[in-house]
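Enquirer: Go by the hints and put chain B onto chain A.
Protein chains: 2
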Amino acid sequence: MAEITRLDTTAVDFWERLEGLLAWESVSDERVTTTVREILHRVRREGDAALLEYTNRFDRMSATAMAELEIPRARLQAALAGLPADQREALEVSVARLKAYHARQKQESWSYREADGTLLGQQITALDRVGLYVPGGKAAYPSSVLMNAIPAKVAGVPELIMVVPTPDGEVNPLVLAAAELCEVDRVFALGGAQAVAALAYGTETVPRVDKIVGPGNIYVATAKGMVYGTVGIDMIAGPSEILVVCDGKTDPDWVAMDLFSQAEHDEDAQPILVTPDGEFLEAVAASVARLLPEMERKAIIEKSLGARAALVKVRDLDEAVTVANFIAPEHLELSVDDPEAMAGRIRHAGAIFMGRYTAEAVGDYCAGPNHVLPTSRTARFSSPLGVYDFQKRSSLIMCSPEGATTLGRIASVFARGEGLTAHARSAEYRIKS
Amino acid sequence: MAEITRLDTTAVDFWERLEGLLAWESVSDERVTTTVREILHRVRREGDAALLEYTNRFDRMSATAMAELEIPRARLQAALAGLPADQREALEVSVARLKAYHARQKQESWSYREADGTLLGQQITALDRVGLYVPGGKAAYPSSVLMNAIPAKVAGVPELIMVVPTPDGEVNPLVLAAAELCEVDRVFALGGAQAVAALAYGTETVPRVDKIVGPGNIYVATAKGMVYGTVGIDMIAGPSEILVVCDGKTDPDWVAMDLFSQAEHDEDAQPILVTPDGEFLEAVAASVARLLPEMERKAIIEKSLGARAALVKVRDLDEAVTVANFIAPEHLELSVDDPEAMAGRIRHAGAIFMGRYTAEAVGDYCAGPNHVLPTSRTARFSSPLGVYDFQKRSSLIMCSPEGATTLGRIASVFARGEGLTAHARSAEYRIKS
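Line order of the protein sequences matches chains A and B.
With the first letter of the first sequence counted as 1, position 77 gets the number 77 in our numbering; the numbers rise by one all the way through.
With the first letter of the second sequence counted as 1, position 299 gets the number 299 in our numbering; the numbers rise by one all the way through.
In case anyone wonders, no lab produced these hints; they're calculated from the structure.
Please note that the accuracy of each hint is not assured.
Heads up, the list lumps identical chains together, so a pair's fine if it works in one copy or across two of them.
[Said to hold, decoys possible] Below, a list of computed lysine to aspartate or glutamate pairs in the DMTMM-like style, where the Cα atoms sit at most 20 Å apart:
1) 99 <-> 114
2) 303 <-> 268
3) 432 <-> 253
4) 303 <-> 247
From a predicted model like this one, the values you see are computed outputs, not experimental measurements.
Okay, chain A solo, but in the shape it has when bound:
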């Protein structure tokens, strides 16, 4: 295999090289944009008819009415009932753990009264209706259903509509079982830009939602970008990343496998190790070389390691923290003696996995926190998917007559300073003389 890039913070061009390695811009393809724009336009104008036509064409289906593309509840229940015991238990434990964690994210309305009786506050409400996109085919992950559906349900969203493409009529029973466990309200066998259009604009059959979440291919991502504003969307994710900070005292095989666990997602995935221990760095490189041939997804892992991975030697663990904050990784493993102290110094990361016993993989499935995390250094300004993404706030203001007088005088000075005299007079009407 190609050598993994080695970087050393003592090199004069270190930061420049690191930044170059991290650079990621999704390719904007004129052809994709044009196709998606047309699909959105037609589904918006023609509704079910266009939706049926696109679905039959792209997913090689032969549906004659939209009713055939709704997957009935009974089929979800049957999928759940048909699962092997260990898979059902894994799903159930994970659902329970995710619910418990996410319940702590729920925000409540608040208000307070000032001395003159004026009330100020913030009212929290859940979104009315949310659309959940689940990819079909090889990337059909039941964990993705859990991670997107549970925060919406915990937020109190009354209606959750799932779309999942079923190319050639093939469905993944684990995905349907997960939908049943998460109490998804309706499921449609739809995918691609046409599914996004149906959710954003509504059709005769598919109800219009207020926000669309969930991962998808470039057509789905482009469509989500285009309907943003008409509906809310979650982030549009880049390739997955892991940064392992290690003091050199963890089994190098463990660290190598942790790097693999990101690399196996995608040829563009980015696994990085940062350590002050040069010998350990070489030991991990040796583990990588020894373990790689055993891996089922060897070809993908090898490409990711060759193109986007790095083994970074730092002066000390303080510098490792500096590098981690610069990278702002999606997943950050702190495989060190006192991970809690180190975590307190991390300013930017999607999720922090503390200690030698915390494999990133448990966070993907069942630890409790969400696996939808900010990628491509966006952890500098964004957060994991959470209950807060399915709640919104309305400011509350109720002036007492006295408050209207006090505040009206101030508002009047501002408004006249800004040349907005209707604002001024509207406030002045309420001033008691």
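Expert: What follows is chain B alone, placed relative to chain A:
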């Protein structure tokens, strides 16, 4: 003036007509897009040199070095010291009230331990550096500085960089004074897409930020849309809106002036009255006709009223709530007897102004809540600007050895079900046999 549109919920085409009136799509202009793309590209590649050139050209300046375009602290202090007493007091009271309200939005980190010692939690951090865009010229509002700067400062953002264009060298002393009161860290005399580019990519002089907030013209909005992902941005706002729900017992002049206070912002602004009282509706129309000729911004108000306003007659106040939730207005006035009870039934609104004494205008300046609010029905899925927009979250997971065993077994079942064997093995390494 043109008649204001009158709608009645008993008409068969009511909802269709209402939806038509609300429809708003910002025009995407090929010429603007091309211009902005070039400006972003050049500032990114050439830094200060391009920034100087564009600023001299677009703002008719003759700066020879970037240092001339930084507005020094002493000038902000002088602007504050030079304000008339009433303006200074208005600013100071407003800053104090905004800080008190926004302090309640601040989120804190949390964590909990499970029985086996596994720790789960969420760590909250402020963004490192934020850029605040303030428009120059006629739309130079000091209140805009307050509303964008204060939540960032309350969140704990260490560095706040403001940009404000100074066409022909002209600055608004109220804007500089507001920046001083809000403890803005640095101010540059820059505007347009070039200012957005400088903040997003950084130049030799302007530091790169993590998020850009604040209103601007179509060039600024387009530039913000294009740099989104490289940095965070706030929402891109549409025209301002007010919805007044009134039971007919408020002075019709007050309601007319409240409608004017939105209309005077912009010819595209949307003021709507909803009332079950037909006589009151006509009384408000009469007040509008009588008061309009007195208004300084009459021409703008008239266009807004003619094109986008509506007087809506509903069957009763229950139906008024239904209409309000359909519209999801930016500003909602509940000018009724029991506004608290009605507010509890509002699911979608940027800000709710309760009671006859609460003019929307006090919320624009000094009540405490933010005046940056979701427009164009996006209150269905988004919130006022707040402290939470300047904080972000990192998930925390620390498995005890026992937790690693329990969770590792579940993760392994999931991962093998999804065909991700590196995930499975990474978790299995930590299972105690």
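Enquirer: Against this structure, judge whether each hint is valid.
Expert: Comparing the hints with the structure gives:
1. With identical chains, the CA atoms of residue 99 and residue 114 are at most 20 Å apart between copies only, with a shortest distance of 14 Å across copies and 37 Å within one.
2. For the identical chains of this complex, residue 303 and residue 268 are intra-copy neighbours only, at 8 Å inside a copy versus 53 Å across copies, given an alpha-carbon limit of 20 Å.
3. Within a single copy, residue 432 and residue 253 get their C-alpha atoms only as close as 76 Å, which misses the 20 Å cut-off; across copies the closest is 16 Å, which meets it.
4. Taking CA atoms no more than 20 Å apart as the test, residue 303 paired with residue 247 passes in neither setting, with 27 Å inside one copy and 67 Å between copies.
The structure fails to meet hint 4 from the earlier list, while all remaining hints are met.
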